[in-house]
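First to last, the sequence lines map onto chains V and X. So the first sequence is numbered by the working numbering: it starts at 35 and just counts up by one. So the second sequence is numbered by the working numbering: it starts at 12 and just counts up by one.
Calculated directly from the structure, the hints in this document are not laboratory data. Check each hint, because a few of them may be wrong.
[To be verified] 20 Å max Cα-Cα, derived SDA-like pairs, lysine to any residue:
1) X:K259 <-> V:Q236
2) X:K447 <-> X:S478
3) V:K308 <-> V:Q236
4) X:K38 <-> V:Q97
5) X:K307 <-> V:Q236
6) V:K303 <-> X:I60
7) X:K569 <-> X:Q492
8) X:K515 <-> X:I538
9) X:K149 <-> X:E160
10) V:K177 <-> X:S269
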Amino acid sequence: MFNNLFSKGKKTEPEQMNAAVRVIGDRASGKTTYMAAVARWPNADPVNSPVQTVTPINEDGEQLIAKAKNLLEQGEQLEPTPINVNIYDIKDYSIRIVLKSQFSWRRLNKMGNSLVALNINCKDYAGEFFSDLLYQANNPLLKDYLDDCLQATGILLLVDGMSYRRDAEYSNGLEKFLQQLDRSEIEVTQRRIAVVLTKCEQPELWINRNQPEKIVSARFPMMMRNLQTWQQTRPKTVEYFTTSAFGMLGSRYPEPNMKFISRDRSGIKEAVLKTPHIWKPFGLIAPIYWLCTGERHKQLDQE
Amino acid sequence: MNDTIEIHEFSTGINFEILADGTWVSKGFIGAYMNSTLEQIPRTVERAIANKYFAVAEGKSSDSPAIIGRVIPSQDNYPDYSVIALVTCGRDEYSRPVSLYRYFLCEGRYSLEVIILYIIQLYKNGRLPIFNPTEKRKIGNPINYRLNEVFRKSPPPYWLNTSGDTHPLPILIPPSESVDVEKIHSWAIEVAGDQPVAWAYNVKAVEDIWGFTLIHSASERDYEDMQRILANPPVVARLANFDEQALKSAIKSLMNNSQPKAEAVREIAKALNNEEITPEYWAKLFTAEGADSAIKDGIYSEQMSRLLALRALILPKTLLQFCDWLIVSRNSHLIKDCQQWQKDFKRIFVAYSSTEEVDRFQYNLIEGIKIIITQLIGKEINPADATDFLTKAAVIHKDILPEIVEHDLELIGKNSKNHDRNELKGGYEIWRDLIKYKSHQTKYKPLYQLFESLKQDKLAAYFYQVSIGKLPKDKFQKAFQLKQGYSINYCGREISRKASLSEKIITWLTQNIQTILFSIVAILLLIGSAVIGYKVGYNTPRIPTSETFARAVTNFDKTQDAIKSLVGDGKNKDENFDKIIEILDNNKLSKEVILKPKNTKDEEKQQEEWVKAIYKYQQNQADGIIRKDNESFKKLREELTRE
């Protein structure tokens, strides 16, 4: 009722929030799969979900959806993203996410708008940037990547929730990244870092999915300490999230919508979607919303 | 037959680990080629790879190698190269599929056959040269292939149109056809004619499907999939041998950087000067980056503001759309950033481009200006909007607008009808009425309003004169910094101003000075003569003093007698009376008061009238009394007789 009262006579165009995002993280941490799941936004529930629509803005975004349809939904894995010699050859996924509005004291004066649009430009870096390039101080490519990062307003640091044994490695990588960013930057810019734990369909992660900070501090304590140190001089620039690009099957006794298959004799198993037609990812939009607004979205955190 | 030919090779660069069973897995890309015999991959070949000319679609590589052969034409001092890529699917340690490429390269347009013979030779030896990180190669050590046999050309099948008629490319080889690499290459040569040959053998899907002459699909299903794609050709055709990826990357770079990078601007300048790149082609590239969505959905991000600004500079027809979009954003930060970005872009463009490229850029700016002016004088946009467009969005257009308009006005002014229309920067259509007619042209009034808003006072004055008429004094003086004067020649047209009220008075006075002086003199003379006249009692109606007056009235009987004697008793008595009254010049005079012997009080006024008239008549020694035989009597008698 109040919403109607406030919105009377106001324009219907959605309120806009923009973010230029770089997705970083170790190889196979699920960066491209995360982005493909966001762009595809499968089995959307526009009635109950705070997300009204997800649409690609550019050709890269459209191709990402095609990738999700042609590969993920066909039970295939995505190929690793190559590390491009030209930073501008990297895919830059431009996506528009329209949300129904939620109450916010800070944006009280803007409550007339019933919708909020998040426009993101999101570059999906090859995992090698995080695992290798950051350690090659003399590689000219590193400078190109860091210059590109400086244009970002948000960093999505994706961490495979199951890879806790690599905490020290990630902590090192992150430290290098933050140091390099600091060195490259002439003026300190307010840049948010969303730490996103991926593959949270795994039961040990799923049960704590609503306490992302707790999982990170328990599983990645060294990385967490680095982030806390970073945050001391930059308050409110780091938040933690849990996601699952594959999601779960069932509600009473949920199980991961994912299966491991072995395609060759190497014994290595790959994770693919188990039941594509009821593919329902978890927690995908919450970190993007925070990167755009600086606020957590309670409903998206649960979605 | 025993010639040795150098065949170079290089492969996708990966880190890898050899497993216990002797197989290997990828442990990530190294961001450079590996196992290369070349110090440096020729740039033309590198760009062909970057443009995905050899790429199979993601997830579409397999253990059975896809083979792609192409001729990369000579360019920028690089010779023709023949290149064949063998693409297979490897795995990384996470079991993800990875498309891995092994390239063979030979100098020359007709060397694909050499590489094919080499591959066949290895194949016959049971060693198909697919990607293998463990096969080490050294820079500077190419394969010296000794030609032992001749490439056997296969005649094209009956269904393949090689008559030189135009046929849509690529041609898909039906799955029923038995084909090998030698055959596909032979057939492709026949189909390609003079064009560089490009074929794909055993492919599930390729990235650059429109860039091939012949394609052989790996399976019937793949054939059908590719048929479906080919049934919908792109609206804007692919450009052969154009580095589209470089241009795409440049656009992305410009979108993503608040400060334009010189390399990216250079790429735009080159493309702008490339006539092969049509506006439709440009439009396709901008649409691919989301320009249309930004307009349609009102996406007001910094990236989109730069993309749309760039589009407006390249495609002037989109300028108004960009202006409108930016202003509607109502985002002052976005508007300010976009203005600065455009200025920086222009500065870098001018600094790093050839004269020809700069001219092309300038041409586009002028085209944009023409659109704004045309719409403005056509009343499709109003002056306030046009001002907003130029001051908030089209800022680099605004900077050159006065110079362009002045140039044309001067040209029109010098030689109003006979100049070459092509010399007019704004074009003939805009200025047609200005050239044809000398009279007021109200259609140009919006230009006056625009230039006034832009504080271009001279041009505002020019169009005020053209569309309204003479300028108010303040506008004129402000425009031309003149404290005096009523007109000035500006761009070959006389610009004049109206006079203010005080100036009108002064002008009138100046113009009528002789009349005024004459009048003043005449007035002064009149006054002077009156004064003199009074002093000498000449010609001045005199008034008797009260004393004289009283005495004359007392002696009125003498006057009665004298008048009576003058009129006489004869038949002319009345006539003489009238004559005397006429001579005394006072028609109020009563005959009765003369003729009555005894005067009453009532008749005093009439007597006074006679006294006044007589006093006035008497020139010397006036006393208001006519006595028989005094001078007045004689004079009156004389006049009466004369009459």
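Note to self: Taking the earlier hints as the rules, which of them does this structure contradict?
What the structure shows: Hints 1, 4, 5, 6, 7, 8 and 9 not satisfied by this model.
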